[in-house]
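2 protein chains.
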Amino acid sequence: MRGYTFYAKVSRVFQTYPSLSKLLVVSTVGGGSLLAFSDDRPFQRVSNDGGQKPECNKKKKVVVLGTGWAATSFLKNLKSDSYEVQVVSPRNYFAFTPLLPSVTSGTVEARSVVEPIRNIVKKRGYQIDFKEAECLKIDASKKILHCKSAQATNLGGKEEFTVDYDILIIAVGAQVNTFNTPGVSEYAHFLKEVEDAQKVRNTVIDCFERASLPSVSHEERKRILHFVVVGGGPVGVEFAAELHDIVVQDISKLYPSVSNLAKITLLEAGDHILNMYDKRITQFAETKFQRDGIDLKTGSMVTKVSEKDVSSKDRATGQCSTLPYGLVVWSTGIAPRPVILDFMKQIGQGSRRVLATDEWLRVEGCDNVYALGDCATINQRKVMEDISAIFGQAKTNDAGHLNKQEFREVIGDITERYPQVELYLKKSKVKNMVALLDKYEGEIDIEKFEKALSEVDTQMKNLPATAQVAAQQGEYLAKCFNRMEKCEMYPEGPRRFRTSGQHRFHPFRYIWKLKCKALGVKNQKLLKRKNMIKLMLTNFRYKHFGQFAPLGGEQTAAQLPGDWVSIGHSTQWLWYSVYASKLVSWRTRMLVVSDWFRRYIFGRDTSRI
Amino acid sequence: MRGYTFYAKVSRVFQTYPSLSKLLVVSTVGGGSLLAFSDDRPFQRVSNDGGQKPECNKKKKVVVLGTGWAATSFLKNLKSDSYEVQVVSPRNYFAFTPLLPSVTSGTVEARSVVEPIRNIVKKRGYQIDFKEAECLKIDASKKILHCKSAQATNLGGKEEFTVDYDILIIAVGAQVNTFNTPGVSEYAHFLKEVEDAQKVRNTVIDCFERASLPSVSHEERKRILHFVVVGGGPVGVEFAAELHDIVVQDISKLYPSVSNLAKITLLEAGDHILNMYDKRITQFAETKFQRDGIDLKTGSMVTKVSEKDVSSKDRATGQCSTLPYGLVVWSTGIAPRPVILDFMKQIGQGSRRVLATDEWLRVEGCDNVYALGDCATINQRKVMEDISAIFGQAKTNDAGHLNKQEFREVIGDITERYPQVELYLKKSKVKNMVALLDKYEGEIDIEKFEKALSEVDTQMKNLPATAQVAAQQGEYLAKCFNRMEKCEMYPEGPRRFRTSGQHRFHPFRYIWKLKCKALGVKNQKLLKRKNMIKLMLTNFRYKHFGQFAPLGGEQTAAQLPGDWVSIGHSTQWLWYSVYASKLVSWRTRMLVVSDWFRRYIFGRDTSRI
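Chains as they are written, first to last, in the UniProt record's numbering: chain A, 1 to 609; chain B, 1 to 609.
Since the hints were made in silico from the structure, they are not lab data. Glycine is no exception: its CB is placed at the ideal position from the N, C-alpha and C atoms.
Lysine-lysine pairs mimicking BS3-like chemistry, simulated, CA-CA at most 30 Å apart:
1. B:LYS122 to A:LYS222
2. A:LYS263 to B:LYS122
3. B:LYS263 to A:LYS122
4. B:LYS253 to A:LYS582
5. B:LYS253 to A:LYS58
6. A:LYS76 to B:LYS253
7. A:LYS253 to B:LYS582
8. A:LYS308 to B:LYS148
9. B:LYS148 to A:LYS222
10. A:LYS253 to B:LYS61
11. A:LYS253 to B:LYS479
12. A:LYS253 to B:LYS60
13. B:LYS142 to B:LYS58
14. B:LYS263 to A:LYS148
15. B:LYS199 to A:LYS192
16. A:LYS123 to B:LYS253
17. A:LYS148 to B:LYS199
18. B:LYS148 to A:LYS199
19. A:LYS253 to B:LYS122
20. B:LYS253 to A:LYS61
21. A:LYS199 to B:LYS122
22. A:LYS222 to B:LYS123
23. B:LYS76 to A:LYS253
24. B:LYS199 to A:LYS199
25. A:LYS253 to B:LYS59
26. B:LYS308 to A:LYS148
27. B:LYS253 to A:LYS60
28. B:LYS192 to A:LYS199
29. A:LYS253 to B:LYS148
30. A:LYS61 to B:LYS222
31. A:LYS122 to B:LYS199
32. A:LYS253 to B:LYS79
33. B:LYS263 to A:LYS123
34. B:LYS222 to A:LYS148
35. B:LYS253 to A:LYS79
36. A:LYS222 to B:LYS61
37. B:LYS148 to A:LYS263
What the simulated footprint calls covered on chain B by chain A, stretch by stretch (three residues with Cβ under 8 Å from a Cβ of chain A suffice, anywhere in the stretch; the number is not a length):
38. 91-97
39. 106-114
40. 117-125
Take these sequences, add in the hints, and give me the full structure.
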């Protein structure tokens, strides 16, 4: 109890003098204060008993499925106490997934990247009901979930139970996409869950231990120490880079007799790795991998994985080849989980590949169900679908014409409802929407209007399946829930074009908030070191940072909003500072930062536990 | 590579200015420098190429079985390069086992208590050959070991290979003694290996998660949250105490709806828990457990463990009872491993319960094989067995008599060869050995001599199966090996009574080195706080500390050499300082100390990974 007493005392001090909290950062983390400062307010305690409204009617049952980025972000931001929240997930913790490749090599420990979900919500000051169970089936018609407990069998068998809901929030994430390649689920390792990363770590050590045995032939040693990574996306690339680092920095000293036999091969079906990034990053990564001796096989489609071989086919020549391996890590993309596929069939989305929601994250074809994160995509409404409704709403007279003044009044609503409009204007370098109509003389009829906007929908983009998107969606939805009652009465969203009135809420919009321009950086140029330092110092003001691609050897590439690109050692420090600031709790922040120091001073731990 | 460069630079500085190393302690650990100082010299690098003798004959192959306390201590202390050392063990790391009960509750992380064996020997500056494999059979006649690789099967199947040796050092430890109680190996958890502790930790969380499910009845909840510990030794008691701490300090906040159902029962077959400790400690522990609500059932023999029940029998009344449980932890003692039992049969020790060695740790009945740690006991020679040989060696004349002057000359040899003599003198409060003969007038014949020494052998004691004993044995043996050549020529051991000449080495002697008298502490009294602080400050000068029994709630009992006893919060700090100083490397020391701080500030992690 003593530990808690100390903590309680400190908390009380910080509640009384909130300005002290910045001081604490300096005193705990010392020189690393930069790394540890964030916009979290860990010492704020939301009072549960004060300020409660009299309960006039029963609270609505909100069930959240999942404890990943989207669900956790939702739970962290939910402040309204007008819901009875239940969380169902087979994992009782939130995992900071972007650090999983670091866990595979022991740069960061598995325990450092997880935080119990009960701890997270406890800090929010309200009581949630968490069930460690997997949802097997969503019965949308009866508003019931069929769940199965996730604990070890010796406690009484895995039995099923049901949970009913008024509002369902699906945030179960996705599973690895094997593209039905034979042998993948049997023999390949993945990098989706914390357990996956731990298994990979132990298997890497296993490979080196086994190769050190006297009974193993030279050929077999070469096979065992051949590490194959399938998929040249950010996770696969980062894993290959981490693996290269551990071999060069640690294994070479501890297993000197066999470390020179280790080889890493990266198979990518496309023409380049990191193909969603800027070309300069791709090129830098490919050159670095070549220099590091990582064998990059682009244009190689894996056709089969067997116990000791990976078969692949060259897309250009059609030639098949077989690679003997010791460890194969599969990281090629995501696919919906079975429970989501089943749910899609129920609600008439059976023909779709992914669960679709509208721009307010509501599942299409189903009331009171929301879906966010990797398990769903936003089915953005096309301008062309609504073109006549927009035209009808815009014109105020009964004639079939629209003048520009009338059009100006709906522009705000259109750009909010259809975000592709803004992208289109930017892409085609048109100043504003009125300018689109400029080439037409006089009043605009429906045909001219259609023509002017006909190209807009080409700029529709799906959001990437990243932690950032999921976290922003969770935050967005929580904020909607917090203001539900208020917005029912005073809607704040854009105009409804098809019917009348306004939408309750603004639609979800992914925010690229980094204001690099403030740093005086020239567009389309690599960021220089002094700008990186400025970025590090200011990163806590901004919400998001584009995407990172750690490439090993303390080098990272970053693609920042506005086509900025940054590569090198200083970017690695930006990566350190961003990741440290984004960690979910002060505990994990302290652990991860101390893991980095430990790795720096003592190297990585190669114990096989 | 950057990390290594930094480390290499620092190492170089410290090699050049060795006196700086103390400075480093202060700068890294800050206020905790007390905790981290030890007699290790991590920055010393033993040159491998310099100072090597010309190899006139082939190096002897020394094979060490195991990577526990004894083996690691041997490897750390071996400095001679006249051996070719191979290590065979299924674990590629050393585990600081006394902290395993802390791992079960997450007070300390599993990774913090392990250190790769390759790392440990690398620092010693010589190359060892480590094989991650289990020894299945020792063939003493052919000097061959049959081993099986310990890696995952998908790397090519578990195959067998052989290793030959010139000198074998057996340090494989022991396994849990189930006393053939049915169901124990199927259903009970143990606390021998790191994996055991991790499993226990996850099962505890499983129990609370499962009890939180809506589908579980109240009765079932009570069963699931009933934790049964079998065995009231130090490990069982510490585990029960840690479990109580995590329930009170962490679980009660995170699982408020079910934490009040949790119950801990400790079953002990004897009349008291901690029966190898001083009575005051036992009493204190029993009172504390009673106050904490831990149900202590002494005199209870467990007869059977089934999937959901533990059956036990009261030794006094013979009454049988059944306890439903969620988790049962079995910690009742140790038994030899199968490979040792098989080896004992080969060398004619089949009728013994434990592998026997002589006082120089040489296995009886087998040449060039040493055994240390938990897998063997020293078969101390009785004075009575050698009484006539001693008498014969002592007397210088041909007559059948011995005078006291003659006797004085062999006293040193006798007390060294037969340590029970000293214990007997102390016990019977006789000043010295000559005084034993004082009651006999005139010259001493063999009969009088026998009579005088007849009681001595009652004081023979087996050494406890503790980490301290194993570590001291490893160090002792390494020092013998270091001076093997020298001592062959100039033996330093006691006189050989049965034959002639001297033993090569001094026999192994367990050292209780704590000089409490220096602190001015009165005998047979509880140590007071100021003395504890002195003890903490001076603990690094002394080798060993007796035994600790952490009792939870930041309280520990300690039995110190010379019948000193210390109980309470200050002893907990002594425990912290001793354990931190005894950790095998600076890395683990830093990790464990930061784990303690983390627990103190943030509580324990309840993520189920």
